[in-house]
Each structure stands twice: as C-alpha cells, then as structure tokens.
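Protein chains: 2
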Amino acid sequence: MPELRQDPVVGRWVIVASERTRCPTDFADHHNHVPEPRINPFSEGNEGLTPPEIFAVRAPGSKPNERGWKVRVIPNKFPVLRIEGNLDKEGDGMYDRMNGIGAHEVVIETPQHDQQLEEQPLEGVASVVEAYRVRIADLLKDTRFRYVLVFKNFGRDAGAALSHPHSQIIATPVTPKVMKEKLAGAQHYYEQKERNIFADILKQELRDSRRIVYQNAGFVCFCPYASRFPFELCIMPRRQLADFYRIESNEVLQLADILKIVLLKLHRGLNQPQYNYLIHTAPSRYAKKGYWTTLEQDFRWHIEITPRLTQIAGFEVGTGFYVNPVLPEDAALFLKDVEV
Amino acid sequence: MPELRQDPVVGRWVIVASERTRCPTDFADHHNHVPEPRINPFSEGNEGLTPPEIFAVRAPGSKPNERGWKVRVIPNKFPVLRIEGNLDKEGDGMYDRMNGIGAHEVVIETPQHDQQLEEQPLEGVASVVEAYRVRIADLLKDTRFRYVLVFKNFGRDAGAALSHPHSQIIATPVTPKVMKEKLAGAQHYYEQKERNIFADILKQELRDSRRIVYQNAGFVCFCPYASRFPFELCIMPRRQLADFYRIESNEVLQLADILKIVLLKLHRGLNQPQYNYLIHTAPSRYAKKGYWTTLEQDFRWHIEITPRLTQIAGFEVGTGFYVNPVLPEDAALFLKDVEV
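Which chain is which? The protein sequence lines are E and S, in order. Take the first sequence: its position 276, counted from the start at 1, is 276 in the numbering used here, and no numbers get skipped. Take the second sequence: its position 224, counted from the start at 1, is 224 in the numbering used here, and no numbers get skipped.
Just so you know, not all the hints are guaranteed correct.
Subject to a maximum C-alpha distance of 30 Å in a straight line, what follows is the list of computed BS3-like cross-link-like pairs (lysine-lysine) [as the list claims (entries may be wrong)]:
hint, chain 1, residue 1, chain 2, residue 2
1, E, Lys89, S, Lys203
2, S, Lys182, E, Lys89
3, E, Lys177, S, Lys182
4, S, Lys180, S, Lys193
5, E, Lys193, E, Lys177
6, E, Lys89, E, Lys70
Read the hints as simulated data drawn from the structure, not as lab findings. All values reported here derive from a predicted model rather than from experimental measurement.
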C-alpha cells in the first residue's frame, strides 16, 4: 500500500509508492533506460491488455474495451495511489502519514502511436479536453479526494515512461502545496483589492502585449512575467471560472484550438522539445466549505506549459529559486512568429 | 544586466539572466550537449584563465593565482547575478522587479580533474567546508544580500556544466522561497511548543534509528521521513546553531568526515549517481532585525543531499507533490550497509 507522508517543517506531502519500485540496488543501474514494451497496450486492438476503460470517446455503435475509440481513459496499471480503502490518518511520533488513497488514470489521447496531440485534428484535441473535463467532474464527487491533477509528460526527461501519446490524472486526498499557495495568494490579493488577480494579470498582459503568443475568443496564451523556464507558457481563460470542469462546449473547442496551436509552435519552433503541462483548477469544496467560499471570485483555472529545454538543477528544486536564461518577452516574440 | 522578477500569485522570485544565453533558436538544438573546453581552466597551472581568486587554501609560501592551492574560490565567469550596482526595485504595472545584484562564485574543490570530493583525503574535504564557511561569512557582510546559497551539482542532469569537481555560491538580494517556508515552519513550531523542530526531528530519528545512515560526534545523517527523492539524505548538526558559518574548527572536521563518508556510500552503493547538495543556513538578519530575533532558537542549519536517480517530472515541479518510489527506511538500510 502506498502512503502519504508530510514534511514536518514545510508541510509538503510526499507519496511513498514503494510497491512500484525495483529493489534498491536496481537504482545503481541508472544508465539502463526502461525499454518500450514489445506490444503497445495503448494502441487500437490491444484494449484487452489494459484495465477496463473508465471513459471513452467512441464511434457510434462501438463497444467499450473494443476498437472504435478516439480517446480512452483507463486506470493506471501501476498507480501511485490506490482507489480502494479508507483514508486512515495517523501520527508517527512527531510525523504525519495517511494511506495512499486516490485515483490514478491514464488518458490515451489517440489510437495512433505516432500522432502527437498537436498533430491531431481539432476535434481530436477537443475530445481529449472533454475527457479531462468529464473525469475531473466525476472524481470530485468522491468525498475522499481534495484535488484532481491533470497533467501531461511528453518525453523521457519530462517523466514519460511510454511514448504512445497520453496524459495522466491523479486524484489526491490532500491539496498539493503549490495549489494551496496559488489559492492563498489569490485570496490575499482579493482581500486587499477586491479584484481577481488572474483577471488583473490578463488585463496587464493584453495591454502590454509583448508576452502574448496567441489568443482566440475564449483564451489567451502568454509567457508569464516571472517564467521559471525558457518558453514557459500560460493559457488563461477570458471568462472568470474557478473550476476547469465547468467549461462549456464552445470553450472546449476554443481550448482545443489554443492548445493545438501553441503546442504546434513549440514543436515546430523548438524542434519538438520535451514538455509538461498541468491544469491548475480549484480543489474540492466538500471538506472545507467555509474556507473556500471566496474561491469562485478570487481564483481562476489556468494551464501551465513548461518545455524542458534546460536541466532543472538541484538547487532550483531545493530552494524554489529558478534561473531562466531567456527573457519572457523574447520567448513570446519568437513563438508568435512560428508559423503553424 | 540580469534581473529578478516576482511571480505575483505565489511570490516566488526568478532570476532572468538573458545575457548568459544563446539566441532563442539555439534551444531548438536540444540534443547538442555543451562540450568540455579543450583547456580546463580549473586545473593547476591554468590559474591565469580564471578571474582572480577571492579565497584559497594554499601551501605555505605559494602566491595567489599561482600553483600551490588546494581549494580555490573564484568569481563565476558567467554569473547569474552581478556584484556591481545598486538594488533598484521597481514596479512594472502589477508586477515587481529588481536589478540582478548578487554574487556568484565557484569553489574549485581540488586541482585534480579526476578526484571527486568524496575521494579526497579528509583534510581536503575539510578545506572545501572551510572555504564555504569563510565565503558565507564574508558575503553576509554585504548589506545588499539577504541570503547566501551554497550548493553542488554533480553530473550533467544535476545541472553541472563542467566536470572538474566544483561547487557554487550565490548571494541573493531576496531570501529564496523554500528557505522562507523552512524558517516560517520552524518559527511556527517554536511558537506552539517552545521547542526547536530540528532538535525534535533529530531526537526522533535517533530514537527510531531506522532511517540513520551514519553518525559521528558532531553530526547525524539520515533519510528524511518524507523524502521527495530515492536515497535523499539530510545531515543535521547535533549542536543548535542557526548559521552554518559559525561552526567551529572541530565541527569543520566532523562535517568533512560525515560528508565524505555518505558521498562515498552513494558513489559505491549506487554506482556514482548524479546528485545535488545544498546548505540550508539562516538568512542575513541585517534588514529584518525584529522579524528574525527568534531564529537563533527556532532554526538549525542543515544539509540536504538529493541523488538524481529518477526524472523530476513536470507535475512534481508544478505542484510540489513528489512521488518517491523508495521507502526512506529501505534507502537508509541499504546505504548503512555500503562499506566505505
């Protein structure tokens, strides 16, 4: 059983998932990359090799766990958190731990092994966005969960273990540290100014315009003012909404458009770099109704895209102090001009 | 001129050091590793190829910037922060920025290219520790600086650009985010319990003993309860002291001993993995005398060592939510048994 442990000084929760691992000495062989499986369990026709699907976008008349799907969501065969059980919390001397209860799902973005997300037609990308939306909405109904993380690791250095295009969803019994900090920062700003900080950021970016990469009717993509990484991107909705899963169908299409275009710009402009993206959405309000009442007005969901063009040095992880060798204004200018 | 920019939501400062960089399109060539220079500027006899030394441990009678040194501290030729100038702070609409004033130094740990820190004799490691101590003490006298970071990146994935054994020192005009969180967590604990949290952690680790890797008269090395990374290590002094630079000469030797031994255990047990270490020491009290009065009793300096055996996935950086595949108790048991 995986477990969650809390750092007593900074309050950060860590998943210790030792069931997934090899024995300690296996780590000595750190030059031995994990090989691709001989049979790709994510390709069409191999549905029987994966756990039964949780959700799929399918051709009319096709049956679950058979051919005919466009997007398929399945439980992760090697989950970092387990869906079954109760959230037993206990002290361990001065430390805190709890059972590793949660959900860990894989979103298979396409049946085609060699078609990256940005290379799909718009409707394909929209189906992936819709799968995210449906799964977040569903997982937040489970009152054991505080947060649902949706993210994509593209490339081995970015954390991907399989090359077939996929993203991941993890539902957690705690709100991750960075989310808490974003929520607290947004709340503090609202208390001081009675304005939404994300609305103010968007307004300043649009007025300044030097960091804008692309925009459409629903969304704006820009390089954040204090980007940690070269060519870091933020996709911000124009409409105030704390919860990603409450986007409407026209916004699903608009988001698919902007996601496809900016990922294509990265792909073509920077020679298909490894990257991660992450949806920052509001946590569950089930457990802390009073605490989160202001979320609707002070927080806005958004997406962070971080290309992995430089090494993440240990001191950056250890201190939270990043060195970015590219001016966000230069990165935006470069990406704006990449034709797609 | 590099600049510091602050994220308006979470308050994190980022160094944007675009002078160091190539043009944006160079990032497209992300498979082209930086080659080693043909002439190694860090080896003995090449002192003239580096900026003049700031500090050195030298054989009696040898002259600065000539042969005869054991450890040599020089300014970084490609600094992320500049030593000259004033700390101009300004708003940029709703954003905050300041001049990239600071110091960036390189500690050349040995004249020998192929001798890693842990392979040096004890006195050699002690000279490196003493160089850290002297430089931190000196840099904290500059009232523009709030913090002095001492860290080592070993291996390219860990952020090292040159293979000659070296570590780095960066003095910053702001206290890095993770340090602030550690200080705040420690202060909160002390307010609640009137006890030092690091003393309590050390006491529990010694009583429990399952996570202890090595100890000597002055220091204890253990795998933290909520380790983020496999085989993560913490070196904690037994004596309460907030500032690393105030260690005494016997502690310099004891620290050299424990550092040498645990790095040798990593080297031999895990096939010389890439790693980072980082000294967490108290910030300057110059600017905020009132705020930091309790530091002496509630904070304790310590060292974090993080081997890079797994990829740091983007979602971990983006959320602060780490997945560690090795139980800290298993990691400690394994390292304790590695003979050195």
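Here is how each hint holds up against the structure:
1. Lys89/E to Lys203/S: 23 Å, holds
2. Lys182/S to Lys89/E: 24 Å, holds
3. Lys177/E to Lys182/S: Since the Cα atoms of Lys177/E and Lys182/S sit roughly 14 Å apart, the hinted pair holds (cutoff 30 Å).
4. Lys180/S to Lys193/S: 20 Å, holds
5. Lys193/E to Lys177/E: Holds. Lys193/E to Lys177/E sits at ~24 Å (cutoff 30 Å).
6. Lys89/E to Lys70/E: Given that 30 Å is the threshold and the Cα spacing comes to 40 Å, the pair is violated.
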